[in-house]
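Position one of the sequence shown corresponds to residue 14 (my numbering), numbered consecutively onward.
One or more of the hints may lead you astray.
What the hints assert, rightly or not - Keeping only pairs whose Cα atoms sit at most 20 Å apart, straight-line, the calculated SDA-like set for lysine to any residue is:
hint, residue 1, residue 2
1, Lys93, Lys75
2, Lys96, Asn127
3, Lys93, Lys122
4, Lys195, Arg378
5, Lys48, Glu155
6, Lys251, Arg147
7, Lys122, Ser254
8, Lys93, Glu83
9, Lys56, Lys96
10, Lys251, Asn337
11, Lys251, Thr307
12, Lys292, Val175
13, Lys143, Ile113
14, Lys56, Lys195
15, Lys56, Lys85
16, Lys85, Lys101
17, Lys101, Arg147
18, Lys105, Lys122
19, Lys251, Ser137
20, Lys101, Glu83
Derived by calculation from the structure, the hints in this document are not laboratory data.
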Amino acid sequence: MIYFLSKKVYKAKLSWIAICISLLIVFICLGFNIKNQHSDTLKGMAESQISTDMKQARTFRKRNHKVVPEIKHDLTVNRKILKAIHNKQWRKAYQTQITINNQIMKSEKKMGGNDPEMANAFNSETNLYKALSRLNIPQQSEESPATGISFLLYVEQWIAPVLIVLICSQIYTRRFIGQLDKDSLLPVTSAANVSCNIMTGWFISLALLLIILGLGFLTASIISGIGDTRYPVALFSKKLSYKIYIPQSQIILPTIVLRILSSFFVATSVFFFAILTKKTLTTLFLNMLLLIGTNLLTPFVEPISKIAQYLPTSYFNGVSVLSNRLAHDAANYQINYVNGIKALIIGTVLFGAASYVLQYLRQSRAA
Numbered sequence: 014m015i016y017f018l019s020k021k022v023y024k025a026k027l028s029w030i031a032i033c034i035s036l037l038i039v040f041i042c043l044g045f046n047i048k049n050q051h052s053d054t055l056k057g058m059a060e061s062q063i064s065t066d067m068k069q070a071r072t073f074r075k076r077n078h079k080v081v082p083e084i085k086h087d088l089t090v091n092r093k094i095l096k097a098i099h100n101k102q103w104r105k106a107y108q109t110q111i112t113i114n115n116q117i118m119k120s121e122k123k124m125g126g127n128d129p130e131m132a133n134a135f136n137s138e139t140n141l142y143k144a145l146s147r148l149n150i151p152q153q154s155e156e157s158p159a160t161g162i163s164f165l166l167y168v169e170q171w172i173a174p175v176l177i178v179l180i181c182s183q184i185y186t187r188r189f190i191g192q193l194d195k196d197s198l199l200p201v202t203s204a205a206n207v208s209c210n211i212m213t214g215w216f217i218s219l220a221l222l223l224i225i226l227g228l229g230f231l232t233a234s235i236i237s238g239i240g241d242t243r244y245p246v247a248l249f250s251k252k253l254s255y256k257i258y259i260p261q262s263q264i265i266l267p268t269i270v271l272r273i274l275s276s277f278f279v280a281t282s283v284f285f286f287a288i289l290t291k292k293t294l295t296t297l298f299l300n301m302l303l304l305i306g307t308n309l310l311t312p313f314v315e316p317i318s319k320i321a322q323y324l325p326t327s328y329f330n331g332v333s334v335l336s337n338r339l340a341h342d343a344a345n346y347q348i349n350y351v352n353g354i355k356a357l358i359i360g361t362v363l364f365g366a367a368s369y370v371l372q373y374l375r376q377s378r379a380a
């Protein structure tokens, strides 16, 4: 039966269309990231600041004024940073920027400035440059990562759940002709029927992850390199108001675990709503609303944020969970890896049990 259901996926044109569109989106994102890979890095900021300082200097000269010393000093420092980056002297560039940040903070304190947000931003930035300085490696864009590992962690956050909902909604509802359930006519028990369908969904989910994320990782690695597993990623701490940094190797495996479990949960949820509604569009709409919608609203809607640790939908974005970004944004630090494992397993079991009960009742009535 699993083979028969898997064959449905292979023959379904819409499944291949969804996969091709997803791959196209991944490759477009990669191209965009490669184009903007220096946008929010030290190199990009230095180039932007030099451009701004040059414009200001030209304005002063046109008005027959002397260029103020601060602009000259700023140009000198940023050119020094760019030269160090060009010569691959990463540590020198980071140390220069750390010194500048410390000088700015000291100057603010002397002037009696007390802006917590600015202080947190400088502390976070300094912590990043200290981590990069220890490793002596080039900085990657946080918003537009392009290396294999970083791009994998970036793209897995959003594409997998949507794709699984699209394909599983179509596959699971093809068994219905009007109100007739063709699978209930097969000489199998309700338990076997439900188990085979759910396991097929799990198999499809894993296959989709391998295809989409695998090709994205390989393409990014070929173009920009695999990346460094030691590269620092931001960690939001409950005790600190600024970000600290940990090696991304600490979150890779847990992120994969959460992605697999969340994919199983999504497939099981889609199956339940498919046999409940028997309609493709209704199944698709309900899952998009309840799964994807709840996931997106978690940091912004307080009633959802308060109970987010119990919701499996909170754990679709493994990077956001493991870096405590979601916990920070939702002001709920019970959103963590351990609770994520529990919520996803319990949610999958509950939807699986509900599917079995529903299928059993229908087959009993049909008999």
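*Taken at face value, is the distance from the CA of Ser254 to the CA of Lys122 at most 20 Å?*
holds (18 Å)
_Check whether the Cα positions of Lys85 and Lys101 lie no farther apart than 20 Å._
Roughly 24 Å separates the two Cα atoms, so the pair is violated.
*Take a quick look at whether Lys93 and Lys122 sit within 20 Å of each other, Cα to Cα.*
Violated: Lys93 and Lys122 sit about 26 Å apart, past 20 Å.
_Hinted pair Lys56 and Lys195, Cα distance within 20 Å_ = violated (61 Å)
*asked:* For a C-alpha distance cap of 20 Å, please report whether Lys195 and Arg378 respect it.
replied: holds (15 Å)
*Pair hint Lys105 and Lys122, alpha-carbon separation not exceeding 20 Å*: Roughly 26 Å between the alpha carbons, so the hint for Lys105 and Lys122 is violated.
*asked:* Holds or violated: Lys96 and Asn127, Cα atoms, limit 20 Å.
replied: violated (34 Å)
*Does Lys292 pair with Val175 here, judged by a C-alpha cut-off of 20 Å?*
Holds, because 18 Å separates the two Cα atoms, which is no more than 20 Å.
*Does the alpha-carbon distance linking Lys101 and Arg147 stay inside the 20 Å limit?*
Status holds; Cα separation ~14 Å.
*Take a quick look at whether Lys93 and Lys75 sit within 20 Å of each other, Cα to Cα.*
violated (26 Å)
_Proposed proximity, Glu83 with Lys101 (alpha carbon, max 20 Å)_ = Since the Cα atoms of Lys101 and Glu83 sit roughly 27 Å apart, the hinted pair is violated (cutoff 20 Å).
*asked:* Tell me if the straight-line CA distance from Lys251 to Asn337 falls inside 20 Å.
replied: holds (9 Å)
Hint compliance for this structure: hints 1, 2, 3, 6, 11, 14, 16, 18, 20 are broken, all remaining hints hold.
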